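Colleague: Residue numbers (the numbering used here), protein chains in the order written: chain A, 1 to 355; chain B, 1001 to 1355; chain C, 2001 to 2355.
If you are wondering where the hints come from, they were derived from the structure by calculation, not from laboratory data.
Incorrect hints may appear among the rest.
Claimed, not checked - Lysine-lysine pairs mimicking BS3-like chemistry, simulated, CA-CA at most 25 Å apart:
1) B:Lys1064 x A:Lys312
2) C:Lys2064 x B:Lys1312
3) A:Lys64 x C:Lys2312
Unchecked claim - Using C-beta positions, here's what the derived DEER-type ranges look like:
4) A:Gly140 x C:Leu2317: 46 to 54 Å
5) A:Gln315 x C:Ala2151: 35 to 43 Å
6) A:Arg20 x C:Leu2217: 39 to 47 Å
7) A:Glu320 x C:Gly2323: 44 to 52 Å
8) A:Arg20 x B:Val1089: 56 to 64 Å
Bear in mind that the values here come from a model prediction, so they are computed numbers and not experimental data.
Every residue gets a Cβ at the ideal spot worked out from N, C-alpha and C, and that includes glycine.
These are the residues of each chain, in order.
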Amino acid sequence: MTSIVPNQWYVAGYGREIGRREEGGDLFSRTICGESILFWRTQAGALTAMSDRCVHRRFPLSEKPSHLVGDTVVCGYHGFTYGADGVCVAVPGQTRVPRTARLRSYPVVEQDSFVWVFIGDPDKAESTRIPRAPWLDQEGWTVVAGMEPLAARASLLVDNLMDLSHETYLHGGYIGTPEVAMTPITTEVDDEAGIVYVSRHMDDAECPPFYAKSTGLSGRIARWQDIEFAPPCLYKLHSRIAPVGSVPNDDGTDPDAFHVEVVYAITPETESSTHDFWMVARDFALDDQGVSGFLAENNRTVVLQDVVALDKLEQVLAGEPDGYQELSINIDTGGLAARRLIDRLAGERAPAGAR
Amino acid sequence: MTSIVPNQWYVAGYGREIGRREEGGDLFSRTICGESILFWRTQAGALTAMSDRCVHRRFPLSEKPSHLVGDTVVCGYHGFTYGADGVCVAVPGQTRVPRTARLRSYPVVEQDSFVWVFIGDPDKAESTRIPRAPWLDQEGWTVVAGMEPLAARASLLVDNLMDLSHETYLHGGYIGTPEVAMTPITTEVDDEAGIVYVSRHMDDAECPPFYAKSTGLSGRIARWQDIEFAPPCLYKLHSRIAPVGSVPNDDGTDPDAFHVEVVYAITPETESSTHDFWMVARDFALDDQGVSGFLAENNRTVVLQDVVALDKLEQVLAGEPDGYQELSINIDTGGLAARRLIDRLAGERAPAGAR
Amino acid sequence: MTSIVPNQWYVAGYGREIGRREEGGDLFSRTICGESILFWRTQAGALTAMSDRCVHRRFPLSEKPSHLVGDTVVCGYHGFTYGADGVCVAVPGQTRVPRTARLRSYPVVEQDSFVWVFIGDPDKAESTRIPRAPWLDQEGWTVVAGMEPLAARASLLVDNLMDLSHETYLHGGYIGTPEVAMTPITTEVDDEAGIVYVSRHMDDAECPPFYAKSTGLSGRIARWQDIEFAPPCLYKLHSRIAPVGSVPNDDGTDPDAFHVEVVYAITPETESSTHDFWMVARDFALDDQGVSGFLAENNRTVVLQDVVALDKLEQVLAGEPDGYQELSINIDTGGLAARRLIDRLAGERAPAGAR
Chain A
1 MTSIVPNQWY VAGYGREIGR REEGGDLFSR TICGESILFW RTQAGALTAM
51 SDRCVHRRFP LSEKPSHLVG DTVVCGYHGF TYGADGVCVA VPGQTRVPRT
101 ARLRSYPVVE QDSFVWVFIG DPDKAESTRI PRAPWLDQEG WTVVAGMEPL
151 AARASLLVDN LMDLSHETYL HGGYIGTPEV AMTPITTEVD DEAGIVYVSR
201 HMDDAECPPF YAKSTGLSGR IARWQDIEFA PPCLYKLHSR IAPVGSVPND
251 DGTDPDAFHV EVVYAITPET ESSTHDFWMV ARDFALDDQG VSGFLAENNR
301 TVVLQDVVAL DKLEQVLAGE PDGYQELSIN IDTGGLAARR LIDRLAGERA
351 PAGAR
Chain B
1001 MTSIVPNQWY VAGYGREIGR REEGGDLFSR TICGESILFW RTQAGALTAM
1051 SDRCVHRRFP LSEKPSHLVG DTVVCGYHGF TYGADGVCVA VPGQTRVPRT
1101 ARLRSYPVVE QDSFVWVFIG DPDKAESTRI PRAPWLDQEG WTVVAGMEPL
1151 AARASLLVDN LMDLSHETYL HGGYIGTPEV AMTPITTEVD DEAGIVYVSR
1201 HMDDAECPPF YAKSTGLSGR IARWQDIEFA PPCLYKLHSR IAPVGSVPND
1251 DGTDPDAFHV EVVYAITPET ESSTHDFWMV ARDFALDDQG VSGFLAENNR
1301 TVVLQDVVAL DKLEQVLAGE PDGYQELSIN IDTGGLAARR LIDRLAGERA
1351 PAGAR
Chain C
2001 MTSIVPNQWY VAGYGREIGR REEGGDLFSR TICGESILFW RTQAGALTAM
2051 SDRCVHRRFP LSEKPSHLVG DTVVCGYHGF TYGADGVCVA VPGQTRVPRT
2101 ARLRSYPVVE QDSFVWVFIG DPDKAESTRI PRAPWLDQEG WTVVAGMEPL
2151 AARASLLVDN LMDLSHETYL HGGYIGTPEV AMTPITTEVD DEAGIVYVSR
2201 HMDDAECPPF YAKSTGLSGR IARWQDIEFA PPCLYKLHSR IAPVGSVPND
2251 DGTDPDAFHV EVVYAITPET ESSTHDFWMV ARDFALDDQG VSGFLAENNR
2301 TVVLQDVVAL DKLEQVLAGE PDGYQELSIN IDTGGLAARR LIDRLAGERA
2351 PAGAR
């Protein structure tokens, strides 16, 4: 299974992570799919993304004393200076700037609170193909969010999120109840759109603390988990919580239910580490800081339970002999479908005969 | 020289390390010869040993929130549940358990206070071939014991223990005196039984603090060191301390002497790390807590002196070019014989032509 | 580019680092070009250099409880004992010492405050070829000095020191001013002597704090930087500071100027780490402790700024794909010439056809 798929859009961060607070600050670097990328904003606020290695002696442009001057970034080692397009505009000791002195520049898009960056051949970067998560930046929704560094390959997080039966065991007392592991799933794959759907509708289930405390519901609930994963990066869990027996109206309205959009962006940092971005958007208690604080704290705890488990699994994988055989069962159909789509995306980079 | 020999019994721990104090606790994991093994006791107290990797997604069964329920262990990731024989008895989301869902199970024997585990083909596990150290669990003897993790390959500890001339230098002031390095040794090999014997009888020697304080002897002593090593794991040093001139009676009784059985179990954790189990059994001052405390503290200090030296040697070996040539002398005959027996055991795993 | 060049003299340390304060102490070990070398002084004060690995079981002779006894060193593991020439003179348990029991011994020379050691074939060790830095141990000069461990290959420090335009950016506020990066250099190579010269004469420049506070000059200065690098190890920067318009007299005297000899010894520890020895010798304020303290503190700060940057660059290099292309400009002519000379020295070890 391939962890890093080229020629794809990946979430590099939240737009708010990259600021322009004052002259000289605000150089932001993150490694995406093994590439060290420098992000900064022009004085007008436009985002730029370029290689974080000076063309001269590869000093990282995000390292002090590198700094911004107006709409240029100045290398802290020998002063090579670059514009927002990555083109070098000044070098030390001479007035002529070599024609080839330019940094690799990356297509970048701000959307739905994210910074999306395209890793691969820029000619293939169609921004219309970026999957959407509108609730993250939309009237009528309140969002809590974070990012946890994961010392594990991205595929382990994909496995984890595609099979929520683990909530019962790894997240018992937070989001897991017995019904999650007991209730069968249905899986669908839209091969053309490249999306995996996994649904688990529990019509009469215990309400876990995560939802009881945030919605105020007591007693048993209808709990629907509808996963929509657009490999390689964007994972959405449409979560519906309602009193037992309540269903949406024919016109799509659903006044008795609480809706939570749990979103993950799964961005490989390297072959064996991942940026684990997580968000929880809700359509209720919009201004209730107590609910926001509870959901942020509780979801972060759940994410960190996964991080501990997956970091451990990465160590196990790194130490095991080749050819280890996993055993898969019905709950794994979503995860296996995701692997297949990811492998297909990875295969697009080269004809089969060339591999 | 091979550090890890397959198809052998190894000491995995002391029986008392693996408890069954309460429901849900007491999952004990240790890596033996590179294999992560889970140990636990049934409610009736029987020992079990099985792979510490769930067959589903390889989560370690010793990691929380994995736990015991009755005589089964439940994986903390997705709830796969296994019996004491390693066979899976329940999986999430379906009632049918796949036929192939079983953990590798290891032959295990409790004897002489040890937990012995067989690494290799279970069909070759003859428990009668396990070497004995009866003093460790016998009326008339008092034992102090411990285990120190060694960041060095097992062969370095074998070298160390087979050549006690190092006591004079590395353990001066504890168990070493000038006579140890000065007195020649005799070495015998029982090729059929697979045992190396090394003897050094000092008939008029300084009494080191280790023995002076524990026996109460003052002045010079007769000190006999009789090593009996059953590769790859069990090392016994039969140590006899007596007033100068005292010898055992013809009938084997030896009333004027103090007997100490120093036992080491040398268990590879990985190719470059070792579990260094040590025990000191004595036939005198049986109920004297002061003597027990002194011997435990003093022997641990000596073991840690070895650990520091051998950890350093492992770093040296790891960094040196291939083909480094050691120089061996008479004191090394025991260690070289042990290497030869170990190489022979290692050779049994495959015909020469296949290597 | 090769970081470690064999058959060369390298600075192993300052002579004062290796003492003979009392019986049993003073075993000094340092890894030079990947070789662990033991240095000690005989009772008469003569320096010795030999392999830091006992011939028996490779225990480091610099590790406790190894110790000096008279003019011999005794291994702390089994007591093998060696003279100042590295020849073994005693082993445990037998009186005969094997003929082949001798440590590799290294040519060593004390000169200009340094301990120079020859790495390679001892027959090629001509001490007359050791480059000189007389100011380090000469009447009329005062020296401050130190050594910082660099977690980067030696070639990165060579690059750094050969191109001082980086002073403007990396060392701004210490030794850098705008004129350093702006002023063109001249580069000369003496291929026969194997020396690279790089000169930058700034006739009207800002005086950086490093020189303003130490010389007392205020206002603008003439600042000459004349580099003389004798690969692979000895780098000298002849620095001249004077009032604007002052030049040396025809007879070589230069009464209005302040002279500082900045010396670096660049000694590979391993392929990716370096001993970064630095010295600042001056011909003024010879007895002024305040000036000495200021220069020592300020220069160490500058060296550590380089260390932080080069350690980072080493990580970048270690992680980058093969075939990465640097871009070089005029300021790099000195560094590129140094690389060429070092490659030539490295090539001397074997005919081209054999590589």
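Colleague: None of the hints should be skipped; say for each whether it holds.
Modeller: Going through the hints against the structure:
1. For the hint pairing Lys1064 (chain B) with Lys312 (chain A), the CA-to-CA distance comes to about 11 Å; that is within 25 Å, so the pair holds.
2. With a CA separation close to 11 Å, the supplied pair Lys2064 (chain C) and Lys1312 (chain B) stays within the 25 Å bound.
3. A distance of roughly 11 Å separates the Cα atoms of Lys64 (chain A) and Lys2312 (chain C); the hinted pair therefore holds under the 25 Å criterion.
4. Gly140 (chain A) and Leu2317 (chain C) have their C-beta atoms about 51 Å apart, which keeps the hinted 46 to 54 Å range intact.
5. Between Gln315 (chain A) and Ala2151 (chain C) the Cβ separation comes to about 25 Å, which falls outside the hinted range of 35 to 43 Å.
6. At about 41 Å, the CB distance of Arg20 (chain A) to Leu2217 (chain C) agrees with the hint of 39 to 47 Å.
7. Separated by about 32 Å at the C-beta atoms, Glu320 (chain A) and Gly2323 (chain C) break the suggested range of 44 to 52 Å.
8. Separated by about 60 Å at the C-beta atoms, Arg20 (chain A) and Val1089 (chain B) satisfy the suggested range of 56 to 64 Å.
In summary, the numbered hints that this structure violates are 5 and 7.
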